[in-house]
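S.K.: If you read the sequences in order, they're chains A, B and C. Residues in the first sequence are numbered from 0 upward in steps of one, following numbering that gives the first Met the number 0. Residues in the second sequence are numbered from 0 upward in steps of one, following numbering that gives the first Met the number 0. Residues in the third sequence are numbered from 0 upward in steps of one, following numbering that gives the first Met the number 0.
Read the hints as simulated data drawn from the structure, not as lab findings. Cβ atoms here follow ideal geometry from the backbone N, Cα and C, with glycine treated the same way. It is possible that some hints are incorrect.
What the hints assert, rightly or not - These stretches of chain B come out as covered by chain C in the derived footprint (C-beta under 8 Å, 3 or more residues):
| # | stretch |
| --- | --- |
| 1 | 192-206 |
| 2 | 215-222 |
As the list claims (entries may be wrong) - Chain B is faced by these chain A residues, among others (derived, beta-carbon under 8 Å):
| # | residue |
| --- | --- |
| 3 | 2 |
| 4 | 5 |
| 5 | 104 |
| 6 | 105 |
| 7 | 111 |
| 8 | 115 |
| 9 | 173 |
| 10 | 181 |
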Amino acid sequence: MSRFLKLVNFEFNRFWKLYMVLMGVTILSQLTGVIVVAQTYVNQANKAIYKELMPMREFIVQNGKLSFHNITQTLWFLGPIGICLVVLSIYVFFIWYRDWLGKNTFIYRLLMLPTARIHVYLAKAVTILLVILGLVALQLVLLPIENQLFIRLVPNDFRTNLSLFEIIEDPYLAILFPHTFREFILYYLGGMAAVLVVFTAILFERSFRIKGVFWGILYSAASILICLAPILVNEIFLGKYFYPMEVFFMELVTGLIVLSGAIWTGNILIKKKVRV
Amino acid sequence: MIEVKEVTKKFGRKNVLNGVSFTAEKGKITCLIGINGVGKTTIMKAIMALTPIDSGEILINGRKIHKGSYEKITFIPDAITMLPQMRISEAFTFMADFYDCWNPARASELLHFFKLKESDRISELSKGNTAKVNLLLGLAMDVDYVLMDEPFSGIDIFSREQIAEVFTSHLIENRGVIITTHEINDIEHLIDKVVLLDNGVVLKEFDTEEVREREGKSVIDVMREVYQA
Amino acid sequence: MDVKFNNRDPVYVQVIRHFKEQIATGLFEPGQEIPSRRELANQLKINPNTAQRAYKEMEEQGLIFTEGNVHSRITKDEHVLKMVREELILEAVDAFVHSVRSINVPLHEALNLVKNNYEKE
């Protein structure tokens, strides 16, 4: 195994425990959500139909059929996704700072490895990417299972069946599971660029400390500006002169520029400027 | 040879290194001594490219440091460079995974010498034992140069004795060692060369045996002359 | 082996002196195998480079010799051994004379005292 892959493996293992917790929370909360939402609805229906003797048809007219969308919009379902997002956002910073913090200065070791230092940077980036993809994959596996559970809990007459594709048409889930290849590229490239810009901003701070905070913010602002430039120019100055497809390609280019700019700058910083 | 040439470094407005030059040869123990300031540690970090320098040059075997250099030179800072939650065996695996120069036989020899166990968790070690593991990780690498920052500070006398014994053993044979300390008494007989620093400059660089032979002075005699002049 | 080193003489010189004393007192016999450089460094708590230097110097002075490249031995050369003994005696006498002279003790008085004390011990 190459040293780079070993580094990725090592960084990934350091996240492993927290990762297990995140996945556990997601699975538990979403499954509970399915059961709670379904049971509440079924109990309500039972009560209405058997106790209040409301005809089934009228109950459905009044309350609507239950669909999986009713579940995906609850806190049970979106909560753990939110938690994962928050934890990951914090981890983007923590993945660097914990190597400097405390009396165990692991950053010494990482910077003294006989491999190009950019590998340390990239290994951390790949770890974040893997973690995100892993969680997305978990969600993708979890959805059909949850759907099956939902089908078992709610009788046929009371539910609208949705295919997996229909389920992920939910506006929130659409961010995790883009519908078109174009959106996929845009979201994930944008996401990775954002992570790398933050990484490089962190390295600015780690290289120049207080002054570096200023440089880091300036650098991040410049990156965001470049990233959004095609949209801004098109909307504000050109009055939507370009077709969406053209804007997409321009976005792709600026996204790649920002992404490679982050790696290039990060490489210089970690190689020549960073201090322990 | 490690050549430090006219190195300067500022922290904010403070000049920490003010044109520091000295050399450290393979097969010799060179001791950096300074009365005040953070210069000594900064020099070591600068040699390892763990902190950038403002001007000057540092060469290792005639070359600027590059990724391959870390197979030839290592730095043992005053804090352990492994994750606290690791067991010693895991730290060994990590070293073996990343360094070609890692010498597992020597690692177990040192482990035995320091009376430590592979199953020990780093976070559960005493201060002295942590220092020993830290030292061990550096010394079990087959490198030409070892830099040690204050290996004797803040640990009990028996650990200190054990660590001093390392300097009299084959573990440092044929290697170039740079060590910083402010406690010269313990190791006066052990060092080959002394570099006296103050306020970011080298005040004197001398060979200990030569100064004894030619001038009949101990290292402390010379320090007294230099620092109290 | 336990040697107290002073800080003002070269360590390698003190090591050589230690060897000479051992030879003169007969603790090291002619032809006896001596510790390797490594062992010596470890025993005397000096660094291996210093041990190496001391051995090199002793070899040049003919105090020790190395067969092949394994172990070094104390010389069997009677002449050298005698010289070592004389050198140490002379050094001791020199030191004695120097301190006795510095307090103005006449020679015959000093010699009498030496004789009495020597026999008492």
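S.K.: Now look at each hint and say whether the structure bears it out.
M.R.: Status of the hints after comparison with the structure:
With 0 residues having a Cβ less than 8 Å from any Cβ of chain C, the stretch 192-206 of chain B misses the three-residue criterion, and the hint is violated. Residues of the stretch 215-222 of chain B lying with their CB closer than 8 Å to a CB of chain C number 6, which satisfies the three-residue condition for coverage. Satisfaction of the interface hint for residue 2 of chain A is found here, the shortest Cβ-Cβ separation to chain B being roughly 6 Å, below the 8 Å cut-off. For residue 5 of chain A, the interface hint holds, the least distance from its beta-carbon to any beta-carbon of chain B being 5 Å, beneath 8 Å.
A distance limit of 8 Å between C-beta atoms decides the matter here; for residue 104 of chain A the minimum to chain B is near 5 Å, and the interface restraint holds. At about 6 Å, the closest approach between the beta carbon of residue 105 of chain A and any beta carbon in chain B falls short of 8 Å, and the interface hint on this residue holds. Nearest Cβ of chain B to the Cβ of residue 111 of chain A: about 5 Å, under the 8 Å cut. The hint holds. Using the Cβ-Cβ criterion of 8 Å, the hint placing residue 115 of chain A at the interface with chain B is satisfied: the shortest such distance is roughly 6 Å.
Taking 8 Å as the C-beta cut-off, the interface hint given for residue 173 of chain A is violated, the closest approach to chain B being about 39 Å. Look at residue 181 of chain A: its Cβ only gets to about 39 Å from chain B, farther than 8 Å, so that hint breaks.
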